[in-house]
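Keeping their order, the protein sequence lines are chains S, P and B.
Just so you know, we're using my numbering here: the first sequence kicks off at 13 and counts up by one.
Just so you know, we're using my numbering here: the second sequence kicks off at 76 and counts up by one.
Just so you know, we're using my numbering here: the third sequence kicks off at 8 and counts up by one.
Calculated directly from the structure, the hints in this document are not laboratory data.
Warning: the hint list may mix true and false statements.
[Claimed, not checked] Label pairs and their calculated CB-CB ranges:
(1) S:G63 <-> P:T524: 29 to 37 angstroms
(2) P:K452 <-> B:R64: 45 to 53 angstroms
(3) P:E325 <-> S:G63: 52 to 60 angstroms
(4) S:G131 <-> P:S450: 27 to 35 angstroms
(5) S:V58 <-> P:I139: 52 to 60 angstroms
(6) S:D41 <-> P:T524: 21 to 29 angstroms
(7) P:R563 <-> B:R494: 23 to 31 angstroms
(8) S:M113 <-> B:D534: 54 to 62 angstroms
Where is the CB? At the ideal position from N, CA and C, for every residue including glycine.
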Amino acid sequence: MRRIFMIAGHEAECWLTHDGSRFVLNMPDGAVPCQLVPTGAPGAYVLRTGGRAHELRLAVGPESTFIHLNGSTFEVGRVNPDDRLAGREGTAGGDRLLAPMPGVVVSVAVKPGDAVTEGQPLLVIESMKLETTLTAPRDGVVAEMPFTAGDSFGLKAVLAQLTPQEE
Amino acid sequence: MTISKLLVANRGEIAARVVRTAKARGLATAVLRHVAEQEGPAHLIADEVVMIDGPTPVAAYLDIPQIVATAKKIDADAVHPGYGFLSENAGFVAALEEAGVTFVGPTSEVIDLMGDKVRARAFVEKRGFPVAPSAIEDDDPATFVERARTLGYPLLIKPSAGGGGKGMRIVREDSTLETEIETAHREGQRYFGDGRLFVERYIERPRHIEVQVMGDGQGNVVHFWERECSIQRRFQKIIEETPSPALSPEQRDEICETAAGIARAVNYRGAGTVEFIYAQDGAFYFLEMNTRLQVEHPVTEMVTGFDLVAEQLRIAAGEGLSAAQADIPQTGHSIELRICAEDATADFRPAIGDILLLDEPHGEGIRVDSGIRDSGKVTTDFDPMLSKLIVHGPDRAQAIARARNAVQNYVILGVTTNTGYLDAILAHPDFASGDVSTGFLAEQADVLTAPGEDVSTLLMAAAALSDQRLVTDVMQIPEMHRKMGGWRN
Amino acid sequence: MRRIESHIDTNAADYKANFAAMSERLKEFHARQHAARFERPQRDIDRLARQNKLGVRERLKLLLDPGTPFLEFSTLAACREYDGAVPGAAVVTGIGIVQGREVAIHANDASVKGGAWYPHTVKKIVRLLDVALENHLPVVHICDSAGGFLPLQHGVFPDRYLGGRVFRNQVKLSQASIPQIAIVGGHCTAGGAYVPTLSDYNIIIEGTGAIFLGGPPLVKAATGEEVGVQELGGAVMHTSVSGTGDYRAATELHAFALAREIVSQWKRMPKTIIETAAFEDPYYDTKELYGIIPKDRKTQFDMREVLARIVDGSRFHEYQPDYGTTMVCGFAHIWGFKVGILANNGVLFNDSSLKAAHFMQLCNQNRTPLVFFQNITGYMVGREYEERGIAKDGAKMLMAQGGSVVPKFTVIANASYGAGNYGMCGRAWDARTLFMWPQAEIGVMGADQAANTMADVKIRQLEREGKQLTEVEIAAIRDPVLEKFRRDVEAYTSTSELWDDGILDPADTRNALGMSISAALNAPIDDPHYGIFRL
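The following block holds chain S by itself, in its conformation from the complex:
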């Protein structure tokens, strides 16, 4: 199973296996059998690898593991590459924002030529007594905002258009 580990800004994709008797960490430049044994004190372990035993203190945070080793403290970021990739919006490349339902434009936050970042509010619409903020589907530049506040629109009307991305 894979993990991307980030140490001091560098990423390495690794995977861990267990051959029935021991764990093996497979790194981009080689594999090492390894074993982590708790020694009693909170977060205290001995890491056995490469014929050496390393005493360390360790704490697992939600996104990083903090390790105190040889008098220094390190932060190791952890990402499951599947989570990172699977979490991506399917339409990262979408150029158009289509009306999810008919409604009225309440306000428009950007104008053509504006640079926008993914998630930035572009306009607010009202439909079925609910206000919805529509956000940029990706980073880009606004090409067209066809409606102004007060305009009504139909289902699947193009509410915002970004300039197409360079391939």
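Could you slot chains P and B onto chain S? The hints should help.
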């Protein structure tokens, strides 16, 4: 006047530190806590914890009417301000006086005087103490730039209302002087609500040496020797020590007596610190006087054996100084390391996080004044300093060795701290030889933040094996398939 | 269980000669497999790159758990068809591990003829889905196919086990609550559209993936409507308008990450429990198989020496060791799984047939899977044996074997001739997997025997017409027949035709069986029941 109940109008390590001494003196103690604030060590040991409100935690700790009202409400007869926050706020002192509550510190007049860098400097200069060549904007704003220019470069621009290094700018070339002055105006306005400036000759490779003084307000002033505070990042101290490796015994006496003289000149009451710029040629100039307890006061306590907070409380209670100058020794060597939640490799960007594991060093000659607890949270609401590690040794070399050992065994997991960086400073040969200046950290930035031995394999192995989800996922692969590994037919 | 005592002398000349011959064969075999998997004309590689598609092998790497095995089926399928231009029959199939779960994988290889379905492609996919059905394995379909290869449509489309069977099997899988996911990384046109639509989950990769019953050219021809691929059946349309697609993925990486996430949601079904033991590697070196298998196929060898290099700890509990000795029966563990093994040590006589039938009933009774190691030239012929009822005893063996409810696995280790193939669970007898070793042969009879028989018929016919043939003329008749037969019985012919699930390096047999047995335990084992034994 007697003090029986003390409110500590501060937080973090200093609140806990003051409470300990106050309790040892038999006082009832109270501390403050903002709703958004984590429970710290002071909250555990104080007799009483009073909740305070404010739009931000910092705003609450700066809220004079609320704190004065709190002191009255809980019948505190004295307030210890710690450092920072309201510790040098003359208005606060005045408000307490009006409410009949004793302020543990100097009079509002002295605070007022020393709080205005320009007036303080003029006062000191007039009494014959050394100050660096300077120009004050207020003297004649129209000629300020011209007068600055005549001091000769390099120059240091400072906000008159400033402190702590904020808004200070070094100018090396005449061409940039005017734009730098404009920027400093804006920054002064933004940080202190006061854009007034003054300019002084910038001393190349200066050292920062300060002297701890204590007065009883009755004309008696003693000093508790000097502290060397040249190890600064972005104008803020992170390692302090005493004695200073730069001073000869004669120079030490001279600088300490100068400091005591300045304090005497204002009939100083309480604990204060006189800061000097110390030039490589041995000349020193008055920089400013801090009318409060300093962060780094513990190193002084370690070599003198005095509890400075106890002295403060004695003086506030009208009991006077406990010692004459001759009774104040300077024994051995002490070093303080400020443990901060910050990323030394990313321009000291403050770090936040949950403290997942805390294990402080302990042993002979090691003192930790901590403001954090295990499973606490480090936020950007307050200063990034988490705690202070203070060591004492028979001599400087042994103190450094002890400090390195202690900082290496200071385990704080969950938030990025500067422990590794502090250790790198201690390991630097120039630090060992004492050949440093306030620019040392900037000059040696590359060396001090250079990555150490590559232990990434160990780190990744430890991170992988302690990742329960990863281990579970691996162990859910049927054992036979795991054992076959990446077999292909 | 006792360890088999090996009598192999690894310093003996014949051992060394065998070892050299097998090594030579394996060199060729591995080279052919490598070529079938990886060697492609540059233009096909370029085309995939241009289409922004990953190759099928990279896709598998993204799908499978790292550091886990993949049992690939029939890598050399179609190696003797289509002038060898359709390596692997343009599809990769096998059993692998995704999120710790055993899954069957069907992945089109678009680097071969755009992943078009040839007759052998269909056969290979249907076989994979049969494996999934028999073993209750979830299926991951990786779709990227140009569609049926039209010039050979009669071999792809109409018959019972052709194209329609792919979809029929998908329906049966769904009916049996076996989940399927399809990752659409290319076009799924016409029938191909049903692979993702009959799957429980599907993911369409934006830009490259598309699903439609008729592609743009066909639409234009049929109705005159002009429509682009994306509008007609692209990821956005299907996932937001038609609901034909479930998830759209921005990239291949995204698609496979999503697929892994989906697979991780699937319920793990409890596996069938059989007797197991802790793993133990064979005591004897597996590679010694190379020196044990004779370089001359006709040379007899002791199958126990083979078993000693495949089963756990080389331990074997032999059943009826002194009766029917040409049929070696007994219990062993493979990767911890208890199995009943039937291995040929010569021709099948009456007693060896009866012993086999009895042993298989034992295994069914206590739910022990069966593993057959074939080296069989047939049942004994001759008056004496017919009088003893060899056909009747053979029938008992077939009844016991064919009526077995436990999973069966077959390794054609050397010869597989005649009715012996049937008794020893040949292809027709539903072995869950069936593998051949590279030197093994399969046919109604041996090549020499068959060629001689055919040549004799011809020669006698010519003689009846009054022609006297010289030795040279006889050879001219016999040799081409012999050559054809020799080729027809080769493992490469078998594997090309998908009469097996692939050729195995003998040293890989243990793992292939371990993977097969483990997969089989996803399906329940029925209570034993048989037809009528002719007693």
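Quiz item: Out of the numbered hints, which ones does the structure contradict?
Solution: No hint contradicted; all consistent.
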